[in-house]
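Chemist: Starting from the known structure of chain B, arrange chain G on it as the hints suggest.
Protein chains: 2
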Amino acid sequence: MSISKRPLILVTNDDGITSLGIRTLVELMTQLGDVVVVAPNSPQSGMGHAITMGEPLRLYKTDIFVDVDEYECSGTPVDCVKLARHYVLKDRAIDLVVSGINHGSNSSINVLYSGTMSAAIEGAVEGIPSIGFSLCDFREDAHFDHARDAILQITRQALENGIPKGTALNVNIPAFEGKPVKGIKICRQADARWRERFDKRVDPHGRNYFWMSGDFVNLDAEKASTDEWALENGYISIVPCQFDLTGYQAIAAISQWNLGNSLPV
Amino acid sequence: MSISKRPLILVTNDDGITSLGIRTLVELMTQLGDVVVVAPNSPQSGMGHAITMGEPLRLYKTDIFVDVDEYECSGTPVDCVKLARHYVLKDRAIDLVVSGINHGSNSSINVLYSGTMSAAIEGAVEGIPSIGFSLCDFREDAHFDHARDAILQITRQALENGIPKGTALNVNIPAFEGKPVKGIKICRQADARWRERFDKRVDPHGRNYFWMSGDFVNLDAEKASTDEWALENGYISIVPCQFDLTGYQAIAAISQWNLGNSLPV
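Chains B and G supply the protein sequences, listed in that same order.
For the first sequence, counting from 1, position 152 maps to 146 in the working numbering; every step adds exactly one.
For the second sequence, counting from 1, position 67 maps to 61 in the working numbering; every step adds exactly one.
In case anyone wonders, no lab produced these hints; they're calculated from the structure.
Among the clues, some could well be false.
Pairs involving identical chains hold if they fit within one copy or between any two copies, as the list cannot separate such chains.
[What the hints assert, rightly or not] Calculated pairs, SDA-like style, for lysine to any residue (alpha carbon to alpha carbon, straight line, at most 20 Å):
| id | residue 1 | residue 2 |
| --- | --- | --- |
| 1 | LYS159 | TYR242 |
| 2 | LYS(-1) | LYS55 |
| 3 | LYS159 | ILE245 |
| 4 | LYS159 | ASP63 |
| 5 | LYS176 | GLN151 |
| 6 | LYS173 | GLY228 |
| 7 | LYS159 | ASP238 |
| 8 | LYS176 | ASP28 |
| 9 | LYS217 | MET47 |
| 10 | LYS55 | GLY172 |
| 11 | LYS(-1) | GLU49 |
| 12 | LYS55 | GLY200 |
| 13 | LYS84 | ASN202 |
| 14 | LYS217 | LEU14 |
If we strip away everything but chain B, and leave its shape as in the complex, we get:
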C-alpha cells in the first residue's frame, strides 16, 4: 500500500526508453502522480501485441528521468506491462497505464500493428485504466509541445472517471503545424488498410532481400465519425479500443452454416 494519495502511473512506449516522446510523457505524468517507467531498451515499433516466449527477458534499472523509478527491458511493449504488473509493481496497485508518446500515427488500422497501443490494451486486459498517446509525426525530433495540455486534460479525466471496462483509449494528436489543435473528438476507428510495396534489392552476396513500405488507403465511406477525419481536420482523436474481438454481428450468419452437429450459441 502506498502512503501517498498520488496515483501510481506506469509509463511505457514502443520507441524505446530514450525517445523524446516518452521523455515528454514522463514529464507530464510526474505532474499528476507517482511515476514508474518500464520501457523497451530498443525500438519496438510495429511489434503489435507480441510477447517474448522463446527467450529470456532482461530488466535493468536506469537513470534517465528525474524522481522516477525506471527500468529498461529487452522485450516488447506488452512484455514491459507484464513485467511491471507482475514483477516490478507486484505488490502495488497501478492506477493508470500510459504508453507513448509514439513518434507516428496509430490511428485506424495502425492500432493493430502498434506496440504503443498494444501496451495500453494489455493494461486494460489487466483491468487498469490505460491510454496510448501517439503523435502524427514520426520524426525523432518531433515537436510535442502543442500536445501537452490535451494529454494532461485527457489523463486527468481518465483518473477522475475511470475508463469503461474492457477498453483502452487510443489518442492520436495531429503533427504540429504552427497552431494549436482545434479540440478533441471522440471517434470510431476508420476502415483503412495499407497497400504494401516490396522494394527488392540484392545484397553483396547476391541474395535478394525486401524492404516493406506501403501506401495508406482510407476505405471509409462515412468519414466524419472516424479518427482519420478528426486528425485530417486538426482535431485530436480518441477511440476507445476493446480487446474482446468477438464479431457478434457475424455470429448469426455463421450459425446458418452446415457444420454437422453444431450447437447454437
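Modeler: Below, chain G alone, put in the same frame as chain B:
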C-alpha cells in the same frame, strides 16, 4: 486470371514452415484448391500482429510439400500474408487465407498474442475470407487426425458462403483424447487473462534474466457461450474475430468527459 476453377488458398502459420501443424493443413487444403504457402522460416509464436519495420525481409522458395508453390519468409506471420498478397500473389485473387494448424490453443485472450490468428486477421483486413486453426496441444508431435474432418467442413463452408466482412474465424480444436470431437460450437471470446510469473535466474556472467510463464485465469461469469466452455466440454469452438477494435459501447461515457472544446461523435 487463373484458368483453374479451383480456389486459390494461401496457407501460413506461426510455428514455422516445417511444423507438423502446417503440413497437416497443407495436405487438407490441397483437397479443396490450389495451395500457395508463405510461412515463417522460424517459430513465431506469440508474435501477435507484429510486422518487420526496422530490417529487411528474406523470402526463399522451398520444396517441403507436394504440388504446392511454397516460400519461407524471415518475418512474422503478418509479414507472410503481406508478402503473399502484395508480392508473391500480386496478380492473382486469393480466395481464402488459412493459418495454422497452431500447436497450442488460441482461444479467449490468447487471440491477441497469437501469430496464427493475427495472420488470419490480416487476411480479413485485405478483404479475403480467412480462418485460423489451432489445436489445444502445444506438443511438437501433437495428434491432428481427429481435427481433419471438421477443418475440411468449416473450410468448405467458408468457401461456399464467404465469411462476414470485417471478421476472421478463430477455430480451436480440443486436444485428442482418444475419441472424436463432440461437434462444433459458434462462440464468443471468453473473458480471461494470464497471471504472469517471472522466474528470475542468474546467467554465468552474474546478470539477472527472467523467464516469463503464467497461469491462465478464466474471469467469465456466464461461461456457456464462450470458446473456453466449448473446448473444455469437447467441442470445437469458432469465434468470428473483428479488426475494428472500436468499443462503441464506451463512446457515450467518454463523450461526457470534460475535454474542453470537444466535438460530439
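Chemist: Indicate, hint by hint, whether the structure satisfies it.
Modeler: Consistency of the hints with the structure:
Proximity of LYS159 and TYR242 under a CA criterion of 20 Å is satisfied in both settings, with 18 Å inside one chain copy and 12 Å between copies. When the C-alpha separation of LYS(-1) and LYS55 is checked against a cutoff of 20 Å, the pair qualifies neither within a copy, at 25 Å, nor between copies, at 60 Å. Proximity of LYS159 and ILE245 under a CA criterion of 20 Å is satisfied inter-copy only: 12 Å between copies versus 23 Å inside one chain copy. Proximity of LYS159 to ASP63 under the C-alpha cut-off of 20 Å is found in neither arrangement, the shortest distances being 28 Å within a copy and 46 Å between copies.
Taking the shortest alpha-carbon separations for LYS176 and GLN151, only the intra-copy value of 19 Å comes in at or below 20 Å, while the best inter-copy value is 49 Å. For the identical chains of this complex, LYS173 and GLY228 are intra-copy neighbours only, at 9 Å inside a copy versus 60 Å across copies, given an alpha-carbon limit of 20 Å. For the identical chains of this complex, LYS159 and ASP238 are neighbours both inside a copy (11 Å) and across copies (17 Å), given an alpha-carbon limit of 20 Å. When the C-alpha separation of LYS176 and ASP28 is checked against a cutoff of 20 Å, the pair qualifies neither within a copy, at 30 Å, nor between copies, at 53 Å.
Taking the shortest Cα distances, LYS217 and MET47 never come within 20 Å of each other, neither inside one copy (39 Å) nor across copies (28 Å). Taking the closest pair of Cα atoms, LYS55 and GLY172 never come within 20 Å of each other, the shortest separation being 38 Å inside a single copy and 51 Å across copies. Taking identical chains as interchangeable, the C-alpha atoms of LYS(-1) and GLU49 are never at most 20 Å apart, the minima being 38 Å within one chain and 45 Å between chains. In this assembly of identical chains, the alpha carbons of LYS55 and GLY200 lie at most 20 Å apart only when taken from different copies (16 Å versus 43 Å within one copy).
When the C-alpha separation of LYS84 and ASN202 is checked against a cutoff of 20 Å, the pair qualifies only between copies, where the shortest distance is 18 Å, while the shortest distance within a copy is 47 Å. Taking the shortest alpha-carbon separations for LYS217 and LEU14, neither the intra-copy value of 32 Å nor the inter-copy value of 45 Å comes in at or below 20 Å.
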